[in-house]
Amino acid sequence: MSASTQALDHTHDHGHHHKETFITKYIFSQDHKMISKQYLITGIFMGIIGVAMSMLFRMQLAWPEEKFKVFEIFLGKWAPEGVMDPNIYLALVTIHGTIMVFFVLTAGLSGTFSNLLIPLQIGARDMASGFLNMISYWLFFLSSVIMVLSLFVEAGPAAAGWTIYPPLSALPQAMPGSGAGMTLWLVSMAIFIASSLLGSLNYIATVLNLRTKGMSMTRLPLTIWAFFITAIIGVVSFPVLLSAALMLIMDRSFGTSFFLSDIFIQGEVLHYQGGSPVLFEHLFWFLGHPEVYIVILPAMGIVSEVLATGARKPIFGYRAMIASILAIAFLSTIVWGHHMFVSGMNPFLGSVFTFTTLLIAIPSAIKAFNWITTLWKGNLQLNPAMLFSIGFVSTFISGGLTGIILGDSTLDINVHDTYFVVAHFHLVMGVSAIYGMFAGVYHWFPKMFGRMMNKNLGYIHFWVTAVCAYGVFLPMHFIGMAGLPRRYYTNTAFPYFDDLANINVIITVFALIGGAVQLVFIYNFFSSIFYGKKAVQNPWRSNTMEWTTPVEHMHGNWPGEIPHVHRWAYDYSKPGADDDFIPQTVPMKKGETEH
Amino acid sequence: MTGLLTIFAVILLGIAIWQLVKIYDLSHAKADNTQVATEKDNHINGLLMMAFLVFLHGFTIYSMFKWGDVLLPESASVHGKDVDQLMLITFVVIFIVQAITQALLHYFAYKYKGEEGKKALFYADNDKLEFIWTIIPVITLAGLIIYGLWTWTNIMKINENDDPIFVEIYAQQFNWKVRYAGADNTLGLANVRYVEGANVMGADMSDPNAHDDIVSTQELRLPKGRKIIFKMRSQDVLHSAFMPFFRAQMNTVPGMVTQFSFTPDKTTEEARQSLEIIEKVATINKIRTEKNIQLQAEGKETLDPYEFDYLLLCNKICGASHYNMQLKIVVDTEEGFNQWLSEQKTLAEVLQ
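Chains A and B supply the protein sequences, listed in that same order.
Using the numbering used here, the first residue of the first sequence is number 1, and each one after it goes up by one.
Using the numbering used here, the first residue of the second sequence is number 1001, and each one after it goes up by one.
So here's chain B without its partners, still in its complex pose:
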């Protein structure tokens, strides 16, 4: 019934607009309305151009104040600092260019709005000007490209000799699993053809390296200050291992092993105690408390209070539950990590 009424309301609204427009047209029938802009139109729209400029820049500034705190907190990995630095520099460039070009565009639209009897300046070319605004982007971009490529090469150059820990991230619809290389720090061979029963990641148990491997399905635990090399696999479709707090992302591709590497430099506990996160958690819990009041009134289950954790999210469309494919990441001290790891069962033990 509500649906029917809504449809009627929309149709009536449509008819009303139609009629209003008709009335407006008829009442202006006598005016010389050729549908080409008059001097008055130019004047009004020129002013609106200036108003729009104020709106655009005002809205940008407002958003930065209002929503600045939703952005990701300070990076929790070593290379992430370089990424953030480059991001900051790029944003400064973008804001300067945006502020100036939008101002000129809208100001010119206002300032040079058409007037009767005015003649535009015949100005077709100026090689010098065009050279200037070719060379300025060239220099700016050269700087950004060089800085960017230097950082990129540093991040992606994966050196297996810097005493890293090998961790496998394994994706499937719609969860993540993790495999640690174990005491020998070598991941055993694996293929989806070996997936059977408790061997959920298809480890090849004829490979001795696989025996001491350790599988975790509840969390991805990492030691602070050690370089981690992630080897990534997927058993069904494309997924993407997105770890935004560490400025890390790599697709997992069925049929091949992809890799990414970073060094966490802040434990989960340290992150929880940082001012940024404390404020963020407070905001989120305020929202949740407000929602709970409403939920309680409706007699529904209430939401738990939120506690901060690092996250591994799926960031490549992978099916119906793509939106909920996540794994908690815990960064611990190296001792804590080793302690935790020693408490886990090895694959050989699990498959016995």
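So that you can see chain A by itself, here it is in the shape it has in the complex:
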């Protein structure tokens, strides 16, 4: 085990010079636990911006004719006298999507928990490369700063939708947001992709090489499987978005015609010839679809782990859970065309993508059934993390089921790009992934900060959020089925949609309450860092290895040798054992069999 010897030497090294400066400990830290906290806190800040934006445009949608002082306060000259400008409405929608998908649910979720848990749960001293890990975080931070800065550009930030389809995103003549705002968007995303790739390569290398003795792949907790496969999907698909972004930059600034052809705008014919916007759509969704699994798989992993621990039961069908992660990961790379059924691509391709897309329902169904069975005859400890995990299964099912409609090319014709889509993906990947993230924060807060979060605030947070999430997205299916397109600044231009106005008000009221209750979480999170009750070493009485490390963080994670692993992670309530959990590090008793 040369890898673990090497890792061991590494800690001995550090044992000698304990004194770290403030800068190396808190800022340019190479310790995976500190980097994980940096990811989480940056993610939370970006999340606040993203959610606040959604509050603003939800108000606009519910009361399109009202003037709001709050618009003027936040949007300044983009909302003269409290009336929101249509361009800034589109910008809010665009940046909300970008921030939530990439900055919160990719970096904030995967970045936080992969960094925290991969070394701790597989028994490693740190990531394969602490230095690359640090670079990865700082690139993410830089891209976040650029994205936020783009909000202050004179003509406004990028506003072509988070999918930035050209020519709209390529031509400043088409909309003001496609000027400097879009340039900054592209630069920010290019840096973000570099960060994500460095992170992913590190995760893959760490999981493959640095597992402690006895930690075979089939003993890994499902969290690690999920992070590992997520990283692989990221490495496969993110570079394609990078190439698309670079080509778009070339079209915008250097006169190439990758995506543009035959354009007449503002009274003049542009020189572009021979490119195709459909090509961009292919490249974008080649990342864009796997991206939703990059978002949801880590949440699935976290939920599997929390459900088993909370139910005091093994996760049901461990091998089937791994197999379904692999199946989802494989299928996720060959379904991107379901975003393009009506893009003008060959209808035969539509048939192929319908087939592959609906196949994903099978591994997803297996996962849902297995989670439900995990609860059956359990002894459920309904901690906030557990509630969010159960909530995850609920929203994942509700949102996933409508995917059967959208994945079916025939049905997609009439609901494509309506609010039905918005409702679907917010439930299945937005709300679900956020629930997964909350479950992770409540569950591993004691590991991250050595203190406990307040559970009663956690309960309030969950129940209000749960009611509001359905309050927002369930009615949204109806306005989508009524034919209302998304990304409309107001629906008043169509008298036909007048009877949807009151539904929009209900949605917005739920959204505002749901948004406000996140403040309870923010308060709970930040105050518990300083004033939370001191945590014990293994508060949830969990089997996984991270709870064998001391509460106080140290370089190298374990004070002595790294413990060896003797069993899988899910020996909860095993017959014949005294306790209802047996940590992975406990050797097998004589005659005991692995599950």
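Heads up, some of the hints might be wrong.
DSBU-like mimics (lysine-lysine), calculated; alpha carbons at most 35 Å apart, straight line [as the list claims (entries may be wrong)]: (1) K377(A) to K1291(B); (2) K37(A) to K213(A); (3) K574(A) to K1128(B); (4) K533(A) to K1128(B); (5) K1119(B) to K574(A); (6) K534(A) to K1111(B).
Negatives, chain B to chain A, calculated, CB over 10 Å [said to hold, decoys possible]: (7) P1164; (8) T1217; (9) D1265; (10) T1333.
Calculated Cβ distances over 12 Å to all of chain A for the following chain B residues [said to hold, decoys possible]: (11) T1038; (12) V1083; (13) V1330; (14) F1337.
No lab work stands behind these hints, which were simulated from the structure alone.
Glycine included, C-beta positions come from ideal geometry on N, C-alpha and C.
Chain B: place on chain A using the hints.
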């Protein structure tokens, strides 16, 4: 001033919540509060899980009764009937699965809530069970996939030999234009490079087929019972020609011609007389009348009463006025349509 007050109010509210939480924490300082769920927590949250199940299913049923009438009316195209049929079947499947799985999930969360001294069942695997819930989705999905693909192929297979009418839909920021193929039923060649003056769609006038083409910018008029093949173009950015009443949608892409085809089977007049639309229009006009009372009080312009028309909407983000990129669709009898068409000027006449 109001803004300042609002900010103060929000800050004060924040402080108030902070203080309340502090007081709550301090008053419970003596209790053994390790922030791990107690038996009482499990009990309360288990009950809330059942309450949530009632909320979720109740809200779904309530919404269906309350908002069932906002959904799109019966399809006005031939293929739309198949789409709606498939949608109905899919929804039945979805509702069954949703009802059962959510019920089990929340019921288990309530029923197996943690109790002191209870031990969970060690139940790690059951190949038979897992096989069952793999094979059931496989069979259901196989059915949906086969039905779906059969319908899709029928809709998208565009046969130019079934005596269709060719109509071009042309998109630009932020309006729609329509070009009819004219007497020869062949659309003349076109490219944005020919856009000039009255030749707003860039028809290539050196192509004789273009001379009898007819351009309409005020409405898209279609004959009932004839197959229409739409050829779609865009001159600037992506748009999407969304005709929800006909279950039809296709993006318009600069630099290429996309196509879609359907046969309208209900005229605008027939639709206006259907019970569904009459009720819908009545509801909308009631809302508008109520709004007018308020508008009148404020001395503003009042809204016109609403009359039903089919719509062509833009459904791909295309810029500031994306929300108002629309065109009226009129479905007429074939005679009425021919009559109307003969009254329009051909391109050759317009460009003279």
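Cross-check of the supplied hints:
{"no.": "1", "hint": "K377(A) to K1291(B)", "verdict": "56 Å, violated"}
{"no.": "2", "hint": "K37(A) to K213(A)", "verdict": "28 Å, holds"}
{"no.": "3", "hint": "K574(A) to K1128(B)", "verdict": "22 Å, holds"}
{"no.": "4", "hint": "K533(A) to K1128(B)", "verdict": "46 Å, violated"}
{"no.": "5", "hint": "K1119(B) to K574(A)", "verdict": "9 Å, holds"}
{"no.": "6", "hint": "K534(A) to K1111(B)", "verdict": "32 Å, holds"}
{"no.": "7", "hint": "P1164", "verdict": "17 Å, holds"}
{"no.": "8", "hint": "T1217", "verdict": "16 Å, holds"}
{"no.": "9", "hint": "D1265", "verdict": "16 Å, holds"}
{"no.": "10", "hint": "T1333", "verdict": "23 Å, holds"}
{"no.": "11", "hint": "T1038", "verdict": "9 Å, violated"}
{"no.": "12", "hint": "V1083", "verdict": "6 Å, violated"}
{"no.": "13", "hint": "V1330", "verdict": "15 Å, holds"}
{"no.": "14", "hint": "F1337", "verdict": "23 Å, holds"}
Of the hints listed earlier, those the structure fails to meet are numbers 1, 4, 11 and 12, in rising order.
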